[in-house]
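Those protein sequence lines, which keep their order, are chains A and C. In terms of full-length UniProt numbering, the first sequence opens at residue 1 and continues consecutively. In terms of full-length UniProt numbering, the second sequence opens at residue 1 and continues consecutively.
To be clear, the hints were calculated from the coordinates, so they are not data collected in a lab. Any given hint might turn out to be false.
Beta-carbon label-pair distances, calculated as ranges [stated by the list, open to error]:
(1) C:T261 / A:K344: 56 to 64 angstroms
(2) A:K344 / C:D148: 37 to 45 angstroms
(3) A:G339 / C:P93: 38 to 46 angstroms
(4) A:R315 / C:Q54: 17 to 25 angstroms
(5) A:R314 / C:A84: 45 to 53 angstroms
(6) A:P280 / C:K32: 49 to 57 angstroms
Derived SDA-like pairs: lysine to any residue, alpha-carbon spacing no greater than 20 angstroms straight-line [as the list claims (entries may be wrong)]:
(7) C:K32 / A:K368
(8) C:K266 / C:N294
(9) C:K217 / A:A351
(10) C:K32 / A:G143
(11) A:K310 / C:D74
(12) A:K310 / C:K128
(13) A:K344 / A:G143
(14) C:K217 / A:D353
(15) A:K94 / C:P135
(16) A:K368 / C:A227
(17) C:K217 / A:R336
(18) A:K310 / C:L119
(19) C:K32 / A:R336
Glycine is no exception: its CB is placed at the ideal position from the N, C-alpha and C atoms.
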Amino acid sequence: MKSMVPNTLAVFIALFLASVNAGPATSQEVAPAPKAQAAKPEKQLIEIKIGYLRAYEPQLALSVLDIAPRDEGVAGANVALNDNNTTGSFLGQKFVLDVTEVKPDADVVAVFNEMVAKGDRYLLADISAQQLLSIADIARDHGVLIFNVGSTDDILREEECRVNVFHTAPTRTMLADGLAQYLIWKQWPKWALIYGSHEKDKLFAEALRRAATRFGGQIVAEKEFKDTGTARRTDSGVVQIQRQMPVFTQDLPDHDVLLVADESEVFGTYVPFRTWIPRPVAGTAGLIPSGWHPASEQWGGSQIQNRFAKYAGRRMLSKDMAAWTAARILGDAATRTQGADPAKIEAFIRADDFSIAAFKGQKLTFRKWNWQLRQPIFLGDGRSVVTTSPQEGFLHQVSELDTLGVDQPETKCHFK
Amino acid sequence: MGRRLALLAATLAAGCAASPAWAYMVYVSNEKDNTMSVVDSTTMEVVKTVNVGQRPRGITISHDGKFVYLCASDDDTIEVIDTATLEIVDTLPSGPDPELFVLSPDGKKLYVANEDDNLVTVIDVATKKVLAEVPVGVEPEGMGISPDGKVMVNTSETTNMAHFIDTESHEIVNNVLVDSRPRFAEFKPDGSEVWVSAEIGGTVSIIDNASREVTHKITFEIPGLRAESIQPVGIRITADGKKAYVALGPANRVAVVNAETYEVEKYVLVGQRVWQLAFTPDQKTIISTNGISNDITFIDVATDEPTQSVTVGALPWGVVVSPN
Chain A
1 MKSMVPNTLA VFIALFLASV NAGPATSQEV APAPKAQAAK PEKQLIEIKI
51 GYLRAYEPQL ALSVLDIAPR DEGVAGANVA LNDNNTTGSF LGQKFVLDVT
101 EVKPDADVVA VFNEMVAKGD RYLLADISAQ QLLSIADIAR DHGVLIFNVG
151 STDDILREEE CRVNVFHTAP TRTMLADGLA QYLIWKQWPK WALIYGSHEK
201 DKLFAEALRR AATRFGGQIV AEKEFKDTGT ARRTDSGVVQ IQRQMPVFTQ
251 DLPDHDVLLV ADESEVFGTY VPFRTWIPRP VAGTAGLIPS GWHPASEQWG
301 GSQIQNRFAK YAGRRMLSKD MAAWTAARIL GDAATRTQGA DPAKIEAFIR
351 ADDFSIAAFK GQKLTFRKWN WQLRQPIFLG DGRSVVTTSP QEGFLHQVSE
401 LDTLGVDQPE TKCHFK
Chain C
1 MGRRLALLAA TLAAGCAASP AWAYMVYVSN EKDNTMSVVD STTMEVVKTV
51 NVGQRPRGIT ISHDGKFVYL CASDDDTIEV IDTATLEIVD TLPSGPDPEL
101 FVLSPDGKKL YVANEDDNLV TVIDVATKKV LAEVPVGVEP EGMGISPDGK
151 VMVNTSETTN MAHFIDTESH EIVNNVLVDS RPRFAEFKPD GSEVWVSAEI
201 GGTVSIIDNA SREVTHKITF EIPGLRAESI QPVGIRITAD GKKAYVALGP
251 ANRVAVVNAE TYEVEKYVLV GQRVWQLAFT PDQKTIISTN GISNDITFID
301 VATDEPTQSV TVGALPWGVV VSPN
């Protein structure tokens with residue numbers, strides 16, 4: 001798949017360049033021309049460089065099935081680049097991805113400056129909020145557009161929003177709202193919440209509390225599960241968990257659903273089927289909200305899934321989809337503006353009528369007040385898609401997708 | 001054909017005021033349950049359900065009405081069904097994941113969109129040989145052919161182009177940008193225009209076949225429905241070139257468009273997720289497939305009123321009507 005592109009590219013380009021915008025008169029002259037003659041390149045390829053900055057370190061998960069693939073996100077960007085280059089072959093555009101990897105706590109300013117020096121005008125960022133904020137203003141001064149494909153931190157779209165940072169990853173509040181709408185639709189409004197002791201666990205717990213308030217859920221009790229630093233996997237650990245988890249959930253008052261907020265992978269996976277009373281689990285375990293689901297085949301989804309699986313040798317995950325979408329946004333902007341002029345590309349993306357198709361059943365648009373991409377939220381159990389939110393009946397005067405996450409009237413984003 | 005026409009003439013001459021007992025067979029591919037429903041257009045009843053390959057979608061019929069061709073997408077093949085026996089009698093080498101196709105006006109060649117491989121495959125129906133594979137944009141889908149058979153149009157859903165392919169040389173001669181996720185391409189019967197629907201863009205682009213430029217874009221507005229739920233897919237244009245029908249997907253309606261002024265004149269409520277359309281040969285009726293409702297709707301072309309819905313298999317996708 002990968003190697004097919006360069007091999008056929010020369011032929012593609014020559015053939016199609018000769019024909020793009022040609023009228024039928026010309027086309028009749030072009031069509032019968034022998035291939036050898038047509039294969040002479042007539043126009044220089046325009047190169048569009050996209051940088052990809054990624055904080056990565058191998059990380060364990062409670063289940064070995066949940067360990068993030070080595071190329072999570074990057075593979076999605078690469079598939080989008082292949083797509084962009086197929087289209088680009090008709091228009092004389094070539095997209096190049098420039099991937100830089102750093103440690104999760106690294107200082108990214110220096111590496112970012114190097115990427116800018118290499119000519120990256122667009123940056124897909126899969127780094128922490130803190131890392132992103134350390135380069136956002138430098139990027140602005142260099143005219144670089146950043147696409148956040150990894151961080152779900154609401155703060156990047158709210159208090160710390162930046163006019164040059166677009167977000168294709170959903171926020172925690174969007175994810176929590178998507179889940180809450182479904183639980184309300186199911187008429188399971190009484191929730192108990194257990195959350196981890198790390199910062200990101202607490203942020204997701206907060207998003208769930210906010211969702212309860214918004215959609216009429218009731219959190220009847222909360223409990224923190226402290227990370228005592230135990231090994232994630234031990235040979236006999238399962239025996240202990242089977243005894244520990246019922247006890248931990250024993251004192252919760254009755255509820256319809258047990259919500260879990262454990263982004264840190266300390267206990268969440270161990271909750272389903274081990275609770276004191278038999279209740280469904282949702283949140284970071286059980287029924288999980290996400291920006292994409294590896295089993296989604298609706299809305300043409302099987303096509304991107306097949307394309308992705310063929311390229312990456314694995315299923316497509318949410319981060320892959322966020323990166324694919326960001327790279328496709330740039331590809332589509334280059335196609336429609338028929339060039340590589342960064343000012344035109346940016347104007348196209350910021351235009352009122354901009355939208356992108358991403359296998360989610362409807363066009364996706366940006367919230368112009370903070371440049372967050374509106375998108376449906378998938379709810380799945382790890383094997384299959386259970387539903388997608390917004391749910392039927394959650395109405396909105398602008399877009400039903402704005403029932404998910406922080407809406408314009410409540411936003412704390414004010415671009416300077 | 002001749003004999004039947006004579007019969008019809010006789011019936012009409014006899015002054016039969018009731019709707020003529022003129023049974024066309026309507027063939028519907030049911031994407032979900034791997035069947036093809038055969039519906040009698042007069043009694044509006046399912047006369048047979050045929051088990052076919054996996055994920056049947058695109059469906060068409062030979063000009064003599066003897067064979068139905070059906071894309072069994074997940075079996076990577078095209079099945080040939082004898083309309084007399086309703087048995088699968090043959091398969092054609094479609095290339096991977098065939099979704100939609102179009103038969104050349106002379107009935108000799110099938111042009112197939114291979115979604116997964118960014119290819120259009122050209123098949124010789126008689127010899128079952130692949131004549132050519134034409135590289136196109138990402139996710140090829142819609143397939144239209146000019147009435148003279150000289151040019152075919154393929155739409156690519158992620159590249160968002162209509163690719164005009166010379167059917168002699170099998171090379172692309174023009175690429176025309178259209179709106180997001182172009183699904184279907186339909187030539188006007190006089191060959192002057194190609195209509196291309198864009199599912200996510202929510203529009204139908206009119207491409208002038210002489211200049212190969214978009215000359216007009218049709219948009220749709222339905223009170224009480226959000227723009228996002230209006231997703232144009234299948235298109236059919238009447239033989240006189242005056243009226244067009246556009247299936248609007250989850251908007252659950254078929255738009256009736258004045259094909260001369262491009263004004264939308266009416267929205268016909270049919271069923272959930274309207275996908276494809278087909279006329280009966282007399283063009284008195286147009287039939288829509290309504291995927292989520294598991295039915296098809298007969299619309300009267302004179303009044304543009306829905307006359308009857310018929311339950312078929314699970315997720316009806318494509319529809320074709322016998323020519324005789």
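Evaluation of the provided hints:
1. C:T261 / A:K344: 56 to 64 angstroms: violated, 34 angstroms
2. A:K344 / C:D148: 37 to 45 angstroms: Roughly 39 angstroms apart at Cβ, these two residues keep to the hinted range, so it holds.
3. A:G339 / C:P93: 38 to 46 angstroms: holds, 40 angstroms
4. A:R315 / C:Q54: 17 to 25 angstroms: holds, 21 angstroms
5. A:R314 / C:A84: 45 to 53 angstroms: With a Cβ separation near 48 angstroms, A:R314 and C:A84 satisfy 45 to 53 angstroms, so the hint holds.
6. A:P280 / C:K32: 49 to 57 angstroms: Taking Cβ atoms as reference, A:P280 and C:K32 lie about 27 angstroms apart, which means the hint is violated.
7. C:K32 / A:K368: violated, 39 angstroms
8. C:K266 / C:N294: violated, 24 angstroms
9. C:K217 / A:A351: Given pair C:K217, A:A351 holds - Cα atoms ~19 angstroms apart, limit 20 angstroms.
10. C:K32 / A:G143: violated, 49 angstroms
11. A:K310 / C:D74: Holds - the C-alpha atoms of C:D74 and A:K310 are around 16 angstroms apart, at most 20 angstroms.
12. A:K310 / C:K128: Roughly 28 angstroms between the alpha carbons, so the hint for A:K310 and C:K128 is violated.
13. A:K344 / A:G143: holds, 13 angstroms
14. C:K217 / A:D353: Holds. C:K217 to A:D353 sits at ~15 angstroms (cutoff 20 angstroms).
15. A:K94 / C:P135: Distance of about 17 angstroms is within 20 angstroms: holds.
16. A:K368 / C:A227: With a Cα-Cα distance of about 18 angstroms, the restraint between A:K368 and C:A227 holds, given a limit of 20 angstroms.
17. C:K217 / A:R336: holds, 16 angstroms
18. A:K310 / C:L119: holds, 16 angstroms
19. C:K32 / A:R336: Violated - the C-alpha atoms of A:R336 and C:K32 are around 36 angstroms apart, more than 20 angstroms.
Against the hints set out earlier in the document, violations occur for numbers 1, 6, 7, 8, 10, 12 and 19.
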